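Colleague: These protein sequences, in sequence, are chains A and B. Numbering-wise, the numbering used here puts 66 at position 66 of the first sequence, and it's gapless, one number per residue. Position in the second sequence counted from 1, then plus 107, gives you the numbering used here.
Treat the hints as calculated values from the structure; they're not laboratory data. For clarity, every value in this text was computed on a predicted model and none was experimentally measured. Be aware that a few hints might be false.
Far from chain B, by Cβ distances over 12 Å, these chain A residues were calculated [to be verified]:
| id | residue |
| --- | --- |
| 1 | Asp46 |
| 2 | Gly55 |
| 3 | Leu60 |
| 4 | Lys85 |
List of simulated lysine-lysine pairs, PhoX-like, C-alpha gap at most 20 Å [as the list claims (entries may be wrong)]:
| id | chain 1 | residue 1 | chain 2 | residue 2 |
| --- | --- | --- | --- | --- |
| 5 | A | Lys20 | B | Lys333 |
| 6 | B | Lys381 | A | Lys20 |
| 7 | A | Lys26 | B | Lys423 |
| 8 | B | Lys494 | B | Lys593 |
| 9 | A | Lys26 | B | Lys734 |
| 10 | B | Lys529 | B | Lys569 |
| 11 | A | Lys95 | B | Lys529 |
| 12 | B | Lys569 | B | Lys552 |
| 13 | A | Lys95 | B | Lys295 |
| 14 | A | Lys95 | B | Lys333 |
| 15 | B | Lys466 | A | Lys11 |
Pulled from the structure, derived: some chain B residues nowhere near chain A, Cβ distances all over 12 Å [said to hold, decoys possible]:
| id | residue |
| --- | --- |
| 16 | Ala152 |
| 17 | Ala215 |
| 18 | Thr346 |
| 19 | Lys711 |
All residues carry an ideal CB built from backbone N, CA and C; glycine is no exception.
Chain by chain, the residues:
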Amino acid sequence: RFSAVFIFSPKQAEVEETLKRIQTHKGVIGTIVVNAEGIPIRTTLDNSTTVQYAGLLHQLTMKARSTVRDLDPQNDLTFLRIRSKKHEIMVAPDKEYLLIVIQNPSE
Amino acid sequence: MLLMSVWSCFFGQDEEDGTETGEGDEWMQGKTLIKPLDQLDLTEAELKEEFTRILTANNPHAPQNIVRYSFKERSYKPISSVDQLAVHFVLEGNLLHQDSDEARRQRAKQGDVEEGGGEERADSVESKAGKKEQKITNQFNFSERASQTLNNPLRERGCQTEPPPRANFSATANQWEIYDVYLEVLQKQEKNKEKAKAVPKKDDDKGKKKMMLVETQSDDITKVAKVAKIIERMVNQNTFDDIAQDFKYFEDASDEYREQEGTLLPLWKFQYDKAKRLSVTALCWNESYKDLFAVGLGSYDFTKQGRGMLVFYSLKNSTFPEYIYPTTSGILCLDIHKHLPYLVAVGFYDGCVAVYNLKEETLQPIYKSTAKSGKHTDPVWQVKWQKDDMDNNHNFFSVSSDGRVVSWTLVKNELVFTDIIKLIIEIFDNVCRPAACGTSFDFHKQIDYLFLVGTEEGKIHKCSKAYSSQFLETYNAHNMAVDAVKWNHFHTKVFISCSSDWTVKIWDHTIKTPMFTFDLNASVGDVAWSPYSSTVFAAVTTDGKVHTFDLSINKYEAICQQPVVAKKKTKLTHIEFNPVYPIIIVGDDRGYVTSLKLSPNLRKKPKEKKGQELPKGPEVEIAKMEKLLSLLREPENSNA
C-alpha cells in the first residue's frame, strides 16, 4: 500500500512546467525560488546575484507583508512589484516560499 | 711491612710468605703483574691446590691454659674460659655527670672566680645559664625528625553529560501573528469535531500517514504551484500590458465620428500548442468567474475525426490554459453549470456525454455515458445544464443527430438518462422517414419547460419537456441545417437562428414567419445575443468575419462587419459574449480563440430623453424589442 514517490508526481511536473514557461517568457531575465529561511533553492542567475537578490528581497517582502497584515490581519500580501528604470522585479510570497522574477517589460 | 707481619701472625702459615707477598704486591701496586725473582715456581697442580683459611675470634696471644689454684680441691685447675679480649687502645674520658659531687665542686670553683668580675656578669651568667637551660638545636647532629603518613594519591574523577541540544529561537508577536495562531487553533478544533463525528477507518489513517511521509520528502516544488501561477500571470500582464490596458480602458474615440458603425478591437489571442490541428467547436464563458472560459476542441470534418481537448483559459493568462483535459473523441459542445462553476458538461463526436469536475485533479470525467447507459449513436451537437430536479440532482440535456433529446441526471455515481423527445420528420406519402437530426437547441430563460430544437433539415421545433412525441410548433426556418438557435436574453418571445444557408433569422415564437432575415454572404457558423442589450447580436461566418447588428440602430445592415483572423482561409466557428465585460471571444477552425473588444457604438444604450432619467434594466430592453416588433407586425396586419 505504501507508494514511494521517486518520480515526479503530476502536480510537480505541472509546477516545473509553469516555472519553465515563466523562465522562457519574453523579457524574463531570471527566476529565483527562495525558501522560508531566505536561502535560494532554485535559480537561473549566477550565484552571487542570486544570493543578493534573495537576501534583500526576502527582507523587503517580510516587511511588506507585515505592513499589510498589521493594517488588517485578515488581509495578506499577494504580490509585490518593484518597477525600476531598467526592469521590473516581481515577488510573490507564499507561506513557505518566495518566487522572484526579474523581467524587462519593454523588450 | 707491618701489615704483612700482622697478616702472617694471624694466619700462621710460613710457607705462604712468597705467595703472600706476591698477593700483597699485587694488591698494593695495581694491576700489572710483575713476577718477582724469588717467586716460587709451582706446578699447575700445586697452584690449583686450595688452602682454606678460617677466621676465628680467638685471640692468638691469649693463653690457652690458664690454671688457678682451687683451695677447695687443693689443686690447680684450668679455667674453663679464657678471656679472649685483646685491648688495643684505651683512652680515659673526662666527662662528669653534672649532678655528681665532683661536678658540683667544679661549678662552685668556677662561680667563685667569676663573681669578682661584677654583679652584671652574674646576671649575664645567670641569664646565660637560664638560656642554657633552653634546648638549643644542635648544629652538628640536630635532625628534625618529621614523619608523614602516606598520602593517598588523589584522583580526580569528573563526568559531564552531553549538553542538551540548543536552538536559537526568535519570533515577533504582531497582531496578525496572534490572529493566525487563533485561526489555526480554530481550524484544528473544527477538524477534531469532524473526526469525532465521522466513523474512523484505520486503513485510511494508515494510508494518510504514509502519504504524509511521502509528501514531506518532496516538499519543495509542489507548494510553489500557486505562487508560480500568480507570477506567470504577472509576467504575462507585463508582456501584454498594452492589451490589458486596452481591455480595461480603451474606448474607440473615433466612434463619435462614425455615425452608426462600430469596430472590434482585437485583444488577446489564445492558442495552445497541442491543439493546433483541432478546430474550436464550442465556447462557453463561466458565469461565476467572469474571466474564465472553456474551449472545446475537435473537428467538424467527418473524415478527420480523432482526439479532442477541453481547455480552459483565463483572460489573465493568454499564453497557457488553466485547465487541460485531453479526450479520446472530438468535443462538439460544452456547457458550464450556472451555479456550480466547476461542473462542465461535454458532448462528443462519438455520441457520448461526459461531466467534468474542475476541482478534481484527475483528467478523467467524473461521469461518462456508455453504450449501455444510453449514449447517443450520433454526434452530440448541444448540451445544456438545467435547474436541479426535485431530488436536487443536477441534470442536463443533450441533442444529437440520432434524433433524440435526452435528459441526463447525475445520480450519485451514475448518469441516468431519460429520453425526452424523439424528433421525427413528418411522414409524407406514407413513407417512413428516419428520425430527424437535431443540431442545436436552446431552453427558454423564463419558461422552464419550453425549448427549441433546430434540425439538420432546416426546421425548428418548439417543444415542451412534458410532451415526448409532439411538438408545440414547427418553423420552416432554413434550407440547410440550423447551426444555432438562441432565445433572446430579455424579450421572452424572440429567438434567433442561423444556418449554413447564409442567413440569420429572428423570430417571434408566436409567429411562424421570421421577423428579420439577414443574408451574410457566407455560411454562418454561430450567432449570439448580447447580454447587455436586447437588440444587439453578433454572428460569425466562414469567411472570417464577425457581423454585429444592432436592430435599434439599423434594422437592415450590420453596424460592424470585420474580419478578425489573419489568414483568409480560416473559418470562424463560434462566438460568445462575455456576460460582464464588453468583449467577445471568437473561435476558429485552426484552434485559435481571439478576443475582441466592442467599441462604444456597438454597446449603445437607448438615448435618454431630455429631462428624464435613463431607465435601466431589462424592461427597457424588452420595451425596445417590442417596439421593433410592433413596427413589423403592423404592416403585416395591414397587409393581411
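Colleague: State for each hint whether it applies.
Modeller: Going through the hints against the structure:
1. Annotated as non-interface, A:Asp46 keeps its C-beta farther than 12 Å from every C-beta of chain B; the closest such distance is 21 Å.
2. The beta carbon of A:Gly55 is kept farther than 12 Å from every beta carbon of chain B, the shortest such distance being approximately 17 Å.
3. In this structure A:Leu60 is separated from chain B by more than 12 Å, as the shortest Cβ-Cβ distance comes to about 16 Å.
4. Every Cβ of chain B is farther than 12 Å from the Cβ of A:Lys85; the closest lies at roughly 15 Å, confirming the non-interface assignment.
5. With a CA separation close to 15 Å, the supplied pair A:Lys20 and B:Lys333 stays within the 20 Å bound.
6. Between B:Lys381 and A:Lys20 the CA atoms are separated by roughly 17 Å; this keeps the pair inside 20 Å, and the hint holds.
7. Restraint check for A:Lys26 and B:Lys423: the C-alpha separation of about 16 Å stays at or below 20 Å, so the hint holds.
8. A distance of roughly 18 Å separates the Cα atoms of B:Lys494 and B:Lys593; the hinted pair therefore holds under the 20 Å criterion.
9. For the hint linking A:Lys26 to B:Lys734, the alpha-carbon distance of about 53 Å lies beyond 20 Å, and the restraint is violated.
10. Only pairs whose Cα atoms come within 20 Å are accepted, and B:Lys529 paired with B:Lys569 is accepted, the gap being roughly 13 Å.
11. Only pairs whose Cα atoms come within 20 Å are accepted, and A:Lys95 paired with B:Lys529 is rejected, the gap being roughly 56 Å.
12. Under the criterion of a C-alpha separation no larger than 20 Å, the hint pairing B:Lys569 with B:Lys552 is consistent with the structure, at around 14 Å.
13. Note on A:Lys95 and B:Lys295: the hinted pairing holds, with a Cα-Cα distance of about 18 Å set against a maximum of 20 Å.
14. For the given pair, A:Lys95 sits about 11 Å from B:Lys333 by alpha-carbon distance, which is consistent with the 20 Å threshold.
15. Straight-line distance between C-alpha atoms of B:Lys466 and A:Lys11 comes to about 14 Å, which keeps the hinted pair within the 20 Å bound.
16. No Cβ of chain A approaches the Cβ of B:Ala152 within 12 Å, the least distance being about 106 Å, so the stated non-interface status holds.
17. With a closest Cβ-Cβ approach of about 110 Å to chain A, B:Ala215 is found to remain outside the 12 Å limit, as its non-interface label requires.
18. Taking the minimum C-beta to C-beta distance to chain A, about 5 Å, the non-interface status of B:Thr346 is violated against the 12 Å cut.
19. Taking the minimum C-beta to C-beta distance to chain A, about 36 Å, the non-interface status of B:Lys711 holds against the 12 Å cut.
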